[in-house]
Each structure stands twice: as C-alpha cells, then as structure tokens.
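Student: Chains E and C, in that order, give the protein sequences. Under the numbering used here, read the first sequence as residues 1 to 108, first letter to last. Under the numbering used here, read the second sequence as residues 1001 to 1113, first letter to last.
Keep in mind that the hints were calculated from the coordinates and are not lab data. The reader is advised that the hints may include incorrect statements.
In the BS3-like style, the derived pairs of lysine-lysine whose C-alpha atoms are separated by at most 27 Å in a straight line are [as the list claims (entries may be wrong)]:
id : chain 1 : residue 1 : chain 2 : residue 2
1  : C       : Lys-1057  : C       : Lys-1009
2  : E       : Lys-36    : E       : Lys-68
3  : C       : Lys-1071  : C       : Lys-1014
4  : C       : Lys-1057  : E       : Lys-36
5  : C       : Lys-1009  : E       : Lys-36
6  : C       : Lys-1070  : C       : Lys-1057
Here's a subset of chain C near chain E, in silico, CB distances under 7 Å, partners left out [stated by the list, open to error]:
id : residue
7  : Phe-1010
8  : Pro-1039
9  : Met-1041
10 : Glu-1101
Don't be surprised by glycine CBs; every beta carbon is placed ideally from N, CA and C.
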Amino acid sequence: GEDVEQSLFLSVREGDSSVINCTYTDSSSTYLYWYKQEPGAGLQLLTYIFSNMDMKQDQRLTVLLNKKDKHLSLRIADTQTGDSAIYFCADPLGKLIFGQGTTLQVKP
Amino acid sequence: NAGVTQTPKFRVLKTGQSMTLLCAQDMNHEYMYWYRQDPGMGLRLIHYSVGEGTTAKGEVPDGYNVSRLKKQNFLLGLESAAPSQTSVYFCASSRSGEIHEQYFGPGTRLTVT
C-alpha cells in the first residue's frame, strides 16, 4: 500500500532555515499536504501543493515537489521559536495517509 | 463556531472496561474521521465516515466500533479496552470534495492500565 516516510527529528537555531523532507510511494495524488501540530493540539493544514507544480512559496514557507524522485520538502525561512511543532506530510490517496511526523526543535 | 470538539479530554480505563469517545463538529462537514497517534508512528486512521449513517474501516479498525447517527456527531467505541489502545485519539472532519483539508479536534488522551 501507500507509504509516506519522514525523518523524525530536526533541530535548528532561531533565524536559520529548516528543511523537512518527505518521501512517498504513490504518484497519483492531485495534491500533497503539510500539516502542523503544535504541542497539545490537533493538526492544522499548513500548506499544500498541486502535483503539477514543482514549487509553491507562501511567505516564509517554500514547498518543493520532485515527482520523479517522489520527494516533497518544506522549507521554513528565518525559523522562529513559534515554529517548534511536529510537521506531517500527507498524501490524500482516497483518505489522508500521514507520514510519521518530524519534530522541529528551534533553539534560541 | 466551535469547530471540532472532543469529549472527554483525558480518561484512564482498566483493561476490559468499555467507553465511548464523542466527536462533534458544527461546520456541516460530510466527512468525519477517527485517528490514533502513537510516538514515531504518525496518525493512523481507525474508522471514517463519508456521511450520516455511513462508516468505513481505516488502517487500524480492530477493537473499535463507530457510529454516525447524526451528521454532526461521530462516536468511537471501545468495547473491551486493552493496554495496546493507550494512545491519543484525534477526530477530524472535512467537506466532501477534492481538497481534503481536515479540521482536527484537540485530542483525547486515553490510558488503559
């Protein structure tokens, strides 16, 4: 079946860029998603990218999609302590299939 | 709008006890979902519903039952709780349609001893 994989942990210093990576096994989805989960809360949709796009930029967020390699990444520029959270990529193949989540730790 | 609410927020059960988790949404969404979240495993779909009166199995349905008698409510039942069901449970809802933006509840932390 479909599989979505992420690394589990990333630590950066405040002001640096963060890059969170995700690989997926199916390439038929129209969209791919990034969700953010803040401590003690549910998930919120952060951004999404159409499968026919290579890049989407939204303020400090840049999503890159490499369909050939089935690789999705989320870059956060000028990372702030408020960006500390767990980030999930998700593939809406019928129902959402989530990666394991990457915990982003931002050190002051 | 309250969005998606879950009751209770915390619960401790003994093995073999039963309980029902309630999810309610006031956004008139067609789809509703129950997930469990365990460390290092992301979210796994337990059951979901595509409309009032419908339910379907997700990735990890064993040991759980669900009902969607009203559009705004989705109930998750544990008939005989096991320690393996210790987890954080999230409910979500979404409109029908192509972009699956799911709105999540705050979660229920369940411990089975």
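Student: Can we keep the Met-1041(C) interface hint, with Cβ of chain E closer than 7 Å?
Tutor: Holds, about 6 Å.
Student: Min Cβ distance, Phe-1010(C) to chain E: is it shorter than 7 Å?
Tutor: violated (11 Å)
Student: With 7 Å as the cut and Cβ atoms as the points, is Glu-1101(C) at the interface with chain E?
Tutor: holds (5 Å)
Student: Given the hint that Lys-36(E) pairs with Lys-68(E), test it: the Cα-Cα distance must not exceed 27 Å.
Tutor: holds (26 Å)
Student: Keeping to a limit of 27 Å between CA atoms, is the pair of Lys-1071(C) and Lys-1014(C) held or broken?
Tutor: Measuring from Cα to Cα gives roughly 31 Å; hence the hint is violated.
Student: Given a cut of 7 Å on the nearest C-beta pair, is the interface hint for Pro-1039(C) held or broken against chain E?
Tutor: violated (9 Å)
Student: Does the structure keep Lys-1057(C) and Lys-36(E) at a Cα separation of 27 Å or less?
Tutor: holds (25 Å)
Student: Taking only the CA atoms, is the gap from Lys-1070(C) to Lys-1057(C) under or equal to 27 Å?
Tutor: holds (18 Å)
Student: When you check the alpha-carbon spacing of Lys-1009(C) and Lys-36(E), does it fall within 27 Å?
Tutor: holds (20 Å)
Student: With a cut-off of 27 Å on the C-alpha distance, tell me whether Lys-1057(C) and Lys-1009(C) pass.
Tutor: holds (24 Å)
Violation of the numbered hints given earlier is confined to hints 3, 7, 8; the remaining hints are satisfied by the structure.
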